[in-house]
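Here the protein sequences come in this chain order: A and B. Take 354 as the starting number for the first sequence in our numbering and just add one per residue. Take 354 as the starting number for the second sequence in our numbering and just add one per residue.
Certain hints may be false.
Some but not every residue of chain B turned toward chain A, in silico, with C-beta under 10 Å [what the hints assert, rightly or not]:
1) L381
2) Y406
3) A437
4) L441
5) C446
6) F460
7) L464
8) D473
9) G481
10) T485
Listed below are several chain B residues computed to face chain A (Cβ distance under 7 Å; list not exhaustive) [stated by the list, open to error]:
11) T456
12) A457
13) C483
Stretches of chain A that chain B covers, calculated by requiring three or more beta carbons in the stretch to come under 8 Å of a beta carbon on chain B [as the list claims (entries may be wrong)]:
14) 444–455
15) 459–473
16) 476–486
Note that these hints are calculated values from the structure, not bench results. Note that the Cβ used here is the ideal one computed from N, Cα and C, for glycine as well.
Here is what each chain is made of, one letter per residue.
There are 2 protein chains.
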Amino acid sequence: MAKPHELRERGLRLTPQRELVLAAVRELDHATPEEIAEKVRQTHPGINLSTVYRNLETLENVGLVQHSHLGHGGASYHAAEELAHLHLVCGTCGNVGDAPIETALSFVNALTEDYGFRTDVSHFSVFGTCSTCSQAELS
Amino acid sequence: MAKPHELRERGLRLTPQRELVLAAVRELDHATPEEIAEKVRQTHPGINLSTVYRNLETLENVGLVQHSHLGHGGASYHAAEELAHLHLVCGTCGNVGDAPIETALSFVNALTEDYGFRTDVSHFSVFGTCSTCSQAELS
DNA sequence: TGTGAACTTGCGAATTATTCGCAATTAGTC
DNA sequence: GACTAATTGCGAATAATTCGCAAGTTCACA
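Kindly produce the complete structure, drawing on both the sequences and the hints.
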């Protein structure tokens, strides 16, 4: 569970729902709002989906969680303190693989130098085909 | 307008709607289904949004158009023959800038070598902050 | 040139994901 | 303990996309 003071410190009230949402985000990783609600319901059955959405937004505003756009549209949330990494999204099987941000370092730097574009690596998704699906295609 | 045979060649029937959707995608670039429908309505007022969606899917299946995920969720369509480039999506102002795929070449190669992940550059979006918005933040 | 089967379209309804308004409840302050 | 503002639950409202189905079209072939 989230430590009380980390929420209070950021000017947020402490509610069981909010703590549970944050805890669920940390535990699940790359979870959709629906999945997060599901998780929270294990402890707090009555939580409303709106409450989950609102808390995710609030927690994101104070920098405790972040979202990224993986597959199709739906946002996916993860804890902000989690080590940033790249998301390799397979368009065929839908799996999301990880790679260290260092892999993209020179690419990110090139964008900054050439275009003044500051890439937000944590929001960054790479679409393609994973090795498993690539091999399956050949057979 | 799309040349008849390029649709027939791919086993598709030739309908005014289909031709117009393809033409609109080519003309607009990075357009949402809604925008494409809007464009088509200039010539064919009655076209239904479902028809636009279905044709985009069909045209994508035969490789004439492609979609990518830029900002928030909504898909954006462009012609397949268009020169592939990277999309630099600014999270602050929403603008979509372009950069040549070469910028990402070594990055893409690294992913292939290290993870067997074949990156689909045309589906690839880079989130961040554009130079204009970066400068605005400082003031 | 007809004809028929298969493909498409239009339309409205169904889904899905997300947001909003509002009254009731609750957390934090004094 | 009482007050104020933040938060929740709930149901309705949106927005984006998909689906079912009947009517209309396209194309292959006679």
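Consistency of the hints with the structure:
Among the interface hints, the one on L381/B is violated; its C-beta lies about 20 Å from the nearest C-beta in chain A, farther than the 10 Å criterion. With 10 Å as the threshold, the beta carbon of Y406/B stays out of range of chain A, its nearest partner Cβ sitting at about 14 Å, so the hint is violated. For A437/B, the shortest C-beta to C-beta distance to chain A is roughly 13 Å, which exceeds 10 Å, and the interface hint is violated. Look at L441/B: its Cβ gets to within about 5 Å of chain A, closer than 10 Å, so that hint holds up.
Hint on C446/B is violated. Least Cβ distance to chain A is approximately 12 Å, over the 10 Å limit. Here the hint on F460/B is kept, as its CB sits about 4 Å from the closest CB of chain A, short of 10 Å. Given the 10 Å rule on beta carbons, the hint for L464/B holds: about 7 Å separates it from the nearest Cβ of chain A. The closest approach between the C-beta of D473/B and any C-beta of chain A is roughly 5 Å, which is under the 10 Å cut-off, so the hint is satisfied.
Look at G481/B: its Cβ gets to within about 4 Å of chain A, closer than 10 Å, so that hint holds up. The restraint placing T485/B at the interface with chain A holds, with a minimum CB-CB distance near 8 Å, inside the 10 Å limit. For T456/B, the suggested interface contact is upheld, since its CB lies about 5 Å from the closest CB of chain A, less than 7 Å. Because the smallest distance between the Cβ of A457/B and any Cβ of chain A comes to about 6 Å, under 7 Å, the interface hint for this residue holds.
Nearest Cβ of chain A to the Cβ of C483/B: about 6 Å, under the 7 Å cut. The hint holds. For the segment 444–455 of chain A, the assignment as covered by chain B holds, since 3 residues bring a beta-carbon within under 8 Å of that chain's beta-carbons and 3 suffice. Closer than 8 Å: that is the beta-carbon criterion, and the segment 459–473 of chain A has 11 residues meeting it against chain B, so the requirement of 3 holds. For a cut-off of 8 Å, the count of residues in the segment 476–486 of chain A with a CB near a CB of chain B stands at 9, and the three-residue condition holds.
In the structure shown, a violation is registered for the earlier hints numbered 1, 2, 3, 5, in ascending order.
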